[in-house]
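Undergrad: Using the sequences and the hints given, assemble the complete structure.
Just so you know, the sequences run in chain order E and U. Numbered according to the working numbering, the first sequence spans residues 11 to 418. Numbered according to the working numbering, the second sequence spans residues 41 to 114.
Hint data in this document are derived by calculation from the structure and do not stem from the laboratory. Just so you know, these numbers come straight off a predicted model, no measurement behind them. The beta-carbon is built from N, C-alpha and C at its ideal position, and this holds for glycine as well. Heads up, a few of these hints could be off.
[What the hints assert, rightly or not] Covered stretches of chain U, going by a simulated chain E footprint (3 or more residues, C-beta under 8 Å):
{"hint": "1", "segment": "66-72"}
{"hint": "2", "segment": "75-89"}
{"hint": "3", "segment": "92-100"}
[Unchecked claim] A few chain E residues facing chain U, derived, Cβ under 7 Å:
{"hint": "4", "residue": "Arg212"}
{"hint": "5", "residue": "Ala213"}
{"hint": "6", "residue": "Val280"}
{"hint": "7", "residue": "Arg283"}
{"hint": "8", "residue": "Leu312"}
{"hint": "9", "residue": "Ala329"}
{"hint": "10", "residue": "Gln330"}
[Said to hold, decoys possible] If you anchor each label on the Cβ, the simulated ranges turn out as follows:
{"hint": "11", "chain 1": "U", "residue 1": "Tyr70", "chain 2": "E", "residue 2": "Pro376", "range": "26 to 32 Å"}
{"hint": "12", "chain 1": "E", "residue 1": "Val374", "chain 2": "U", "residue 2": "Asp71", "range": "53 to 59 Å"}
{"hint": "13", "chain 1": "E", "residue 1": "Thr270", "chain 2": "U", "residue 2": "Asp71", "range": "44 to 50 Å"}
{"hint": "14", "chain 1": "E", "residue 1": "Thr270", "chain 2": "U", "residue 2": "Tyr70", "range": "24 to 30 Å"}
{"hint": "15", "chain 1": "U", "residue 1": "Tyr70", "chain 2": "E", "residue 2": "Asp285", "range": "15 to 21 Å"}
{"hint": "16", "chain 1": "U", "residue 1": "Asp71", "chain 2": "E", "residue 2": "Gly93", "range": "22 to 28 Å"}
{"hint": "17", "chain 1": "E", "residue 1": "Gly92", "chain 2": "U", "residue 2": "Asp71", "range": "49 to 55 Å"}
{"hint": "18", "chain 1": "U", "residue 1": "Asp71", "chain 2": "E", "residue 2": "Leu289", "range": "15 to 21 Å"}
{"hint": "19", "chain 1": "E", "residue 1": "Tyr163", "chain 2": "U", "residue 2": "Tyr70", "range": "18 to 24 Å"}
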Amino acid sequence: MRMQLTARLPSSSSRVCLACALVVGVARAQPVAGPEAPQEPAAVPSSPYVVHASSEAAEYADTDHVFVFTPTVAGSVERPGGGWSVNGSYLVDVISAASVDIVSTASRRWTEVRQAGTLGGTYQLGALGIGANGALSSEPDYLSLAAGLVLTYDLFDKNVTLLAAYNHGHDIAGRTGTPFSVFSHSINLDNVNAGATFVLDRATIATALVDADFVNGDTSKPYRYIPLFAPGTHVSPGASIDTVNALRASERPLEQLPLTRNRYALTFRVAHRFDASTLRLEERLYDDTWALKATTTDARLLFDLSRRVELGPHLRAYAQTSVDFWELAYVLQPGLVYPAYRTGDRELGPLVTGTGGGTLRWGVGPSRAPTQWVLGLDLSATYTRFLDDLYVTNRTSVLGGLSIEAEL
Amino acid sequence: MLRFSFATAAASLVLVSLASLASCARVAPYDRGKLAHPSMTTADVAGPAESHVRSIHEGATGGVLGAGGGCGCN
Numbered sequence: 011m012r013m014q015l016t017a018r019l020p021s022s023s024s025r026v027c028l029a030c031a032l033v034v035g036v037a038r039a040q041p042v043a044g045p046e047a048p049q050e051p052a053a054v055p056s057s058p059y060v061v062h063a064s065s066e067a068a069e070y071a072d073t074d075h076v077f078v079f080t081p082t083v084a085g086s087v088e089r090p091g092g093g094w095s096v097n098g099s100y101l102v103d104v105i106s107a108a109s110v111d112i113v114s115t116a117s118r119r120w121t122e123v124r125q126a127g128t129l130g131g132t133y134q135l136g137a138l139g140i141g142a143n144g145a146l147s148s149e150p151d152y153l154s155l156a157a158g159l160v161l162t163y164d165l166f167d168k169n170v171t172l173l174a175a176y177n178h179g180h181d182i183a184g185r186t187g188t189p190f191s192v193f194s195h196s197i198n199l200d201n202v203n204a205g206a207t208f209v210l211d212r213a214t215i216a217t218a219l220v221d222a223d224f225v226n227g228d229t230s231k232p233y234r235y236i237p238l239f240a241p242g243t244h245v246s247p248g249a250s251i252d253t254v255n256a257l258r259a260s261e262r263p264l265e266q267l268p269l270t271r272n273r274y275a276l277t278f279r280v281a282h283r284f285d286a287s288t289l290r291l292e293e294r295l296y297d298d299t300w301a302l303k304a305t306t307t308d309a310r311l312l313f314d315l316s317r318r319v320e321l322g323p324h325l326r327a328y329a330q331t332s333v334d335f336w337e338l339a340y341v342l343q344p345g346l347v348y349p350a351y352r353t354g355d356r357e358l359g360p361l362v363t364g365t366g367g368g369t370l371r372w373g374v375g376p377s378r379a380p381t382q383w384v385l386g387l388d389l390s391a392t393y394t395r396f397l398d399d400l401y402v403t404n405r406t407s408v409l410g411g412l413s414i415e416a417e418l
Numbered sequence: 041m042l043r044f045s046f047a048t049a050a051a052s053l054v055l056v057s058l059a060s061l062a063s064c065a066r067v068a069p070y071d072r073g074k075l076a077h078p079s080m081t082t083a084d085v086a087g088p089a090e091s092h093v094r095s096i097h098e099g100a101t102g103g104v105l106g107a108g109g110g111c112g113c114n
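TA: Listed below in structure tokens is the structure:
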């Protein structure tokens with residue numbers, strides 16, 4: 011049996027596009043490749059099966075005192091001649107946080123473990139591709155279940171591939187230490203996406219995708235308390251915890267978000283292969299019924315420095331407006347009337363983000379097949395500027411990951 | 041306004057797709073050496089950790105599905 015260990019899990023064009031993620035996941039199982047000619051001179055397979063597996067350990071840290079350690083394993087089995095594949099993954103997030111939002115509620119450092127798994131499969135029936143997938147994520151106060159289907163159809167000798175997918179998710183949000191039967195919210199999510207991939211020429215491929223998410227349920231965080239202020243109180247962006255506590259009213263209700271949210275996104279992706287490098291560009295436009303609008307621009311350049319080494323610098327820029335109920339300082343109306351919707355989630359406020367980083371892949375296998383074993387290093391830094399927030403005005407984070415790949 | 045703008049964008053996507061379709065050169069299977077390179081995948085190449093960070097940092101990325109509840113610490 012030919013075995014190939016790869017560096018990464020399948021990933022999605024968006025977090026909710028699980029179907030796409032799992033279907034493309036097998037395709038993403040990619041070894042380092044050298045310049046064009048020696049594409050994959052590995053040993054002749056002794057089996058019609060191709061087995062991929064990967065392992066990665068990633069660490070995240072930011073200036074808001076949040077740390078996350080994420081070990082991951084993933085694998086897939088393909089039978090190219092039979093037109094089918096199955097894949098799965100498992101990861102653990104170990105999160106430790108003492109962010110300003112926690113400290114502002116006089117809470118201690120908070121630690122939690124999340125476990126998540128996925129399972130999927132694809133089958134090719136001529137020009138028609140069929141995929142199915144499921145996902146499970148569990149932590150003490152949150153349970154998420156999801157399943158989906160994806161269809162692809164090849165046209166014009168595979169110069170055009172159409173895609174349509176549907177996913178349904180059911181989440182249960184609760185509070186740590188309280189059984190779901192005592193306190194919980196149900197959240198349902200339906201995701202539809204459609205798109206097409208075009209072969210533009212011998213070295214260029216383009217993809218256009220439209221995503222629509224329909225979220226129903228209360229996604230408010232049961233730990234997030236919102237400071238309220240008397241009418242006319244002036245609070246500056248970045249005001250400290252002490253300043254906020256001095257100015258705010260004694261009432262501090264929990265966050266309350268609207269119970270429905272429709273989210274739409276358009277994604278355009280282009281990849282062009284040069285003689286020994288690949289340029290990948292992506293633009294994503296986003297809009298939703300909470301009036302949050304966003305743009306994401308992403309660029310990667312992957313260099314084949316040799317048959318064994320690939321270097322991939324990466325840049326990403328992101329900007330968003332706030333949701334329409336966003337306020338720097340929510341006002342407590344006379345009669346102790348709270349604002350109907352209120353949030354302290356900075357990711358719902360206006361912000362801009364810039365990310366720079368890169369990947370390094372080093373094939374350490376034998377000379378006849380250097381990508382039988384590959385070590386990978388991912389490193390990136392992100393700077394976020396919060397434009398209208400309490401407590402903090404910026405955040406810097408670092409994400410690093412080590413991975414291993416092999417072909418056995 | 042929101043729906044109008046999204047409908048406009050979706051219509052633009054269809055038009056761009058049709059234009060791309062019309063302008064596509066038929067590339068024969070034997071002439072796809074560069075397209076077959078692993079880095080030419082049509083999927084997002086971000087790993088699981090990077091995808092997760094995006095879903096937390098970017099309000100427009102990802103939904104509640106699998107994102108977890110968290111502490112409201114961000």
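Undergrad: Now tell me, hint by hint, if it's right for this structure.
TA: Hints versus structure:
1. Counting residues of the segment 66-72 of chain U whose CB lies closer than 8 Å to any CB of chain E gives 6, which reaches the minimum of 3, so the coverage claim holds.
2. Counting residues of the segment 75-89 of chain U whose beta carbon lies closer than 8 Å to any beta carbon of chain E gives 15, which meets the minimum of three for the stated coverage.
3. Given as covered by chain E, the segment 92-100 of chain U passes the check, having 9 residues with a CB less than 8 Å from a CB of that chain where 3 are the minimum.
4. Hint on E/Arg212 holds. Least Cβ distance to chain U is approximately 5 Å, under the 7 Å limit.
5. Satisfaction of the interface hint for E/Ala213 is found here, the shortest Cβ-Cβ separation to chain U being roughly 4 Å, below the 7 Å cut-off.
6. For E/Val280, the suggested interface contact is broken, since its CB lies about 10 Å from the closest CB of chain U, more than 7 Å.
7. Of the supplied interface hints, the one on E/Arg283 holds, with its beta-carbon coming within about 4 Å of a beta-carbon of chain U, less than 7 Å.
8. This hint holds: E/Leu312 has a C-beta 5 Å from the nearest C-beta of chain U, less than the 7 Å allowed.
9. The criterion of a C-beta within 7 Å of any C-beta in chain U is not met by E/Ala329, whose closest approach is roughly 10 Å, and the hint is violated.
10. The interface hint given for E/Gln330 is met, as the beta carbon of that residue sits about 5 Å from the closest beta carbon of chain U, less than 7 Å.
11. At roughly 30 Å, the beta carbons of U/Tyr70 and E/Pro376 sit within the given window of 26 to 32 Å.
12. Between E/Val374 and U/Asp71 the beta carbons are some 33 Å apart, a value that contradicts the proposed interval 53 to 59 Å.
13. Judged by the Cβ atoms, the range 44 to 50 Å given for E/Thr270 and U/Asp71 holds: they are separated by roughly 49 Å.
14. One distance hint, 24 to 30 Å for the beta-carbon pair E/Thr270 and U/Tyr70, is violated here, with the actual separation near 51 Å.
15. The beta-carbon spacing between U/Tyr70 and E/Asp285, approximately 19 Å, falls within the hinted interval of 15 to 21 Å.
16. Checked against the given bound of 22 to 28 Å, the beta carbons of U/Asp71 and E/Gly93, roughly 23 Å apart, stay inside it.
17. The hinted range of 49 to 55 Å is not satisfied by E/Gly92 and U/Asp71, whose Cβ atoms lie roughly 26 Å apart.
18. Separation of U/Asp71 from E/Leu289 is about 20 Å and conforms to the stated range, judged on CB atoms against 15 to 21 Å.
19. Range check, E/Tyr163 to U/Tyr70: about 23 Å between beta-carbon atoms, so the 18 to 24 Å window is met.
Hint check: violations occur at hints 6, 9, 12, 14, 17; the rest are consistent with the structure.
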